[in-house]
Amino acid sequence: MNFQAIEKKWQKRWEKAKVFEVKEGKGKKYYVLEMFPYPSSVGLHMGHAFNYTLADILARFKRMQGFNVLYPIGYDSLGLPAENAAVKAKQHPKKYTEKAINNFIKQQKELGLSYDWSRLLMSHDPNYFKWDQWIFLKMFEKGLAYRKKAPVNWCPKCNTVLANEQVIQGKCWRHEKTDVELKHLEQWFFRTTKYAKELYEGIDKLKWPEDIKIMQKNWIGKSFGIEIDFEINGKKWPIFTTRPDTIYGVTFMVISAQHLKLMELVTERQKKNVEKFLKKVRSTSEKDQEVEKEGVFTGSYAINPINGEKIPVWVGNFVLVDYGSGMVMAVPGHDQRDFEFAKKYKIEIREVVKGGNIRKEAFIDIGTLVNSDKFNGMNSKKAIGEISKYLEKKKLGKRTVNYKLRDWLISRQRYWGTPIPIIYCDKCGIVPDKNLPVKLPEKVRFGKGNPLENAKEWINVKCPKCKGKARRETDTMDTFVNSSWYFLRYCDPKNNKEIFNKKKVKYWMPIDFYTGGREHATGHLIYFRFYTKFFRDLGLVNIDEPVVKLFNQGMLHGADGKVMSKSRGNVVLPEEVSKTYGIDTARLFLVSLASPDKDIEWSKTGIEGSSRFIKKVYDCFDKIKPKKDDKRIESKLNNAIKEITEDLENIRYNLAVIKLRTLFDSFGKEVSKKTLESFLKLLCPFCPHIAEELWHKVGNKSFISKEKWPSVDEKKIDKKFEQQEQAVEKLKQDINNVKRILNIAKPKVYVYVLPKELEFLRDSKNELLVSCGAESIEIFAVNDKKKFDPENKSKKAKLGKPAIYLT
RNA sequence: GCGGGAGUGCUGGAGCGGUCAAACAGGCAGGACUUAAGAUCCUGUGGGUUAGUCCCUACGCAGGUUCGAAUCCUGUCUCCCGCACCA
Numbered sequence: 001m002n003f004q005a006i007e008k009k010w011q012k013r014w015e016k017a018k019v020f021e022v023k024e025g026k027g028k029k030y031y032v033l034e035m036f037p038y039p040s041s042v043g044l045h046m047g048h049a050f051n052y053t054l055a056d057i058l059a060r061f062k063r064m065q066g067f068n069v070l071y072p073i074g075y076d077s078l079g080l081p082a083e084n085a086a087v088k089a090k091q092h093p094k095k096y097t098e099k100a101i102n103n104f105i106k107q108q109k110e111l112g113l114s115y116d117w118s119r120l121l122m123s124h125d126p127n128y129f130k131w132d133q134w135i136f137l138k139m140f141e142k143g144l145a146y147r148k149k150a151p152v153n154w155c156p157k158c159n160t161v162l163a164n165e166q167v168i169q170g171k172c173w174r175h176e177k178t179d180v181e182l183k184h185l186e187q188w189f190f191r192t193t194k195y196a197k198e199l200y201e202g203i204d205k206l207k208w209p210e211d212i213k214i215m216q217k218n219w220i221g222k223s224f225g226i227e228i229d230f231e232i233n234g235k236k237w238p239i240f241t242t243r244p245d246t247i248y249g250v251t252f253m254v255i256s257a258q259h260l261k262l263m264e265l266v267t268e269r270q271k272k273n274v275e276k277f278l279k280k281v282r283s284t285s286e287k288d289q290e291v292e293k294e295g296v297f298t299g300s301y302a303i304n305p306i307n308g309e310k311i312p313v314w315v316g317n318f319v320l321v322d323y324g325s326g327m328v329m330a331v332p333g334h335d336q337r338d339f340e341f342a343k344k345y346k347i348e349i350r351e352v353v354k355g356g357n358i359r360k361e362a363f364i365d366i367g368t369l370v371n372s373d374k375f376n377g378m379n380s381k382k383a384i385g386e387i388s389k390y391l392e393k394k395k396l397g398k399r400t401v402n403y404k405l406r407d408w409l410i411s412r413q414r415y416w417g418t419p420i421p422i423i424y425c426d427k428c429g430i431v432p433d434k435n436l437p438v439k440l441p442e443k444v445r446f447g448k449g450n451p452l453e454n455a456k457e458w459i460n461v462k463c464p465k466c467k468g469k470a471r472r473e474t475d476t477m478d479t480f481v482n483s484s485w486y487f488l489r490y491c492d493p494k495n496n497k498e499i500f501n502k503k504k505v506k507y508w509m510p511i512d513f514y515t516g517g518r519e520h521a522t523g524h525l526i527y528f529r530f531y532t533k534f535f536r537d538l539g540l541v542n543i544d545e546p547v548v549k550l551f552n553q554g555m556l557h558g559a560d561g562k563v564m565s566k567s568r569g570n571v572v573l574p575e576e577v578s579k580t581y582g583i584d585t586a587r588l589f590l591v592s593l594a595s596p597d598k599d600i601e602w603s604k605t606g607i608e609g610s611s612r613f614i615k616k617v618y619d620c621f622d623k624i625k626p627k628k629d630d631k632r633i634e635s636k637l638n639n640a641i642k643e644i645t646e647d648l649e650n651i652r653y654n655l656a657v658i659k660l661r662t663l664f665d666s667f668g669k670e671v672s673k674k675t676l677e678s679f680l681k682l683l684c685p686f687c688p689h690i691a692e693e694l695w696h697k698v699g700n701k702s703f704i705s706k707e708k709w710p711s712v713d714e715k716k717i718d719k720k721f722e723q724q725e726q727a728v729e730k731l732k733q734d735i736n737n738v739k740r741i742l743n744i745a746k747p748k749v750y751v752y753v754l755p756k757e758l759e760f761l762r763d764s765k766n767e768l769l770v771s772c773g774a775e776s777i778e779i780f781a782v783n784d785k786k787k788f789d790p791e792n793k794s795k796k797a798k799l800g801k802p803a804i805y806l807t
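Counting along the first sequence from 1, when you hit position 244 you're at 244 in the working numbering, and nothing is skipped either side.
No wet-lab data here; the hints were simulated from the structure. None of these values were measured; they are calculated from a predicted model. Please note: incorrect hints may appear among the correct ones.
Calculated lysine to any residue pairs in the SDA-like style (CA-CA distance at most 20 Å, straight line) [stated by the list, open to error]:
(1) K109 - A17
(2) K434 - N127
(3) K628 - E575
(4) K497 - E575
(5) K94 - D125
(6) K506 - V461
Model the full assembly from the supplied sequences, consistent with the hints where possible.
Put into structure tokens, the structure is as follows:
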């Protein structure tokens, strides 16, 4: 059979008849979505095919179940990789990207994915990013987009700053060998921290994989504590601590070496020392493991608010600048880091919680307070509360909750991104540019730094307010901005009056099933929740969370056992597989290997198994002449429908495939047309092209993709047939066993059964003959007087266990 | 260091308190069909034993809970992943 012709044929017909295009309003909706793909110019390999197939199967299944299924596609086409690749290929990123997209579309169509192509989105389209800019201005208006000078992560390879989420173990997310540097720059931020509490608390309600939920919790990192004001040089400096019970043990303070206001604390005498130290800190890479804790005295002293004690303030390399207030109270007796620091610089280590040996190491557990004035003898746990209360009463501190989550740095010093719609005017300052879209200038020079900085005509504009001289912001937005709301635009992709129609979004949202990789746990999957909450507060959506069910698919590994990727050189291309086996076979194989959430390995021999099955199915429809069902088939079919439906519902495709195979194997020569059709429907989500082809072959004119999913008739499921089958199976084994013991190559077999079992065993006579390699088989009822039974074996027969005699 | 997940046949993997551990697929071996190969079909694939029986050994290792555990608990080893000086 010619797979490729069949595939092409149906792909064309689907497209022509707009089979997968949907409109809102017709019945119950179901929204299936894959994470916004970045259109790499390298194209798709089998790993991608695996991802898309998983969602496509569900979309097709839900569609047949009668849901109004929204299953759209688009491309996250702005971003650094495209710009870099384009520069390398000496092509404009736009041209380069669009070529890549066209290639992607072609390949995805060849996979038989049932997208509604009419909703196609591309984030580099000004009609799309116009709304990114619109959102930015809304955020600006609400104080959620702001500009500040801050210590930021800089990747020297990318030549741009990065968000915290894009720094992995001190390295750039795109360059695993490049250390991220710290710089102080004026940058644009989104105030994600405004929703920190809600983002954190909402996690529990999500039907997401547990590990993702835990990762998000750790990332947002909630901790309860108290902010205590320490007075330094007459000014109040707040610090955050979760252990106020150890406040009597504070023997010094440490401020981060990156702190913006550090120099305010440095005295004239200490200036040289501190500057020398800062130089050293900057030259050693920030996050290398096990950096020794070091610091220098600033010359200033702080007053411990609880007892008025004067304590030295140091500057140190181990204090994070962007957590809490960038300064800590050091309790060397009860914090391991402070302990190491104090040991090194011979600062007093004071015991205030009894329980450990603070000469050897810091005692960080809870215990009983000592050397703590009126709180002596109190348990740490109680003391945390009591001391907090005391400080609050005296207006020296305030209990707070602190989050690790930081505001999202969205500025990028690159060309291929959404321009930030801001104009700087000497007179009016920061002015929003409401004349959207702010497009990218086409003619720019690539190579050195941010190309936009040299686009003079584009930069120099009139101030929208005073019409005076002004200049554009040259930073563009992080690509994760574009992917934070695309799922809403799919609901109304062509709207040019507003970002989207509220009613349409209300109908389609939330996303019912979202697939993608685990790597987005603390990036995209937080950003898009943040956006959703912001839109809700704007009154644009009526939901709190964008996704009901998140599914993380496993990774496809190559034959070498490593994750399939172009750079590793272990890719298998869908085109190639398609040529030999057909894409339906590949789809089937990918999901039958293992549970879809697990990593799987591509194997050449493995796909043969799926191929054999597909061929068998195809051949069967070539030959079979439908007749009537017997009760056994009816039972089998209904049971299969029931179980396959459940398995699809729970994304246990591997198990569904097994049941599909078992069902097919149970077809004898007597199968009704209706049963065959039901089988095809069950097959359709996995192998849509072949299902369509055979659907027509048996005489239908409609699209099976649009047919109704078969329903279960529970009454027809009869466990009796299963038991009978098992009995036959056992009998088979028994005969073979005896045959082997007696060492007869082609025995004559005599079977003796109880009279009521005679009928179904007779039906299995041929099957037994083949599988036992017997010369002949005769089946007698035990009470048959004419039976051949020279050794009188028939009296051994029991219910469900016939007696046998071989010769 | 903290957190999460996983260890089942020759392999990928099902099973996640109980009627049978290994469904399904792949591999390998034997057989049938062929002049032959391929395709296809059948059988076997821990050990012992037997005319189809039964026994033993087996779900990383060691304990425990239970009438009963691959499945629950504790400890331990190995592997994978995430976070990592968060005060």
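Taking the hints in turn, this is what the structure says about them:
1. K109 - A17: Answer holds: K109 to A17 is near 15 Å, not above 20 Å.
2. K434 - N127: Judged against 20 Å, a Cα distance of about 15 Å means the pair holds.
3. K628 - E575: Outside the cut-off at roughly 41 Å; violated.
4. K497 - E575: violated, 41 Å
5. K94 - D125: holds, 10 Å
6. K506 - V461: Violated. K506 to V461 sits at ~39 Å, over the 20 Å cutoff.
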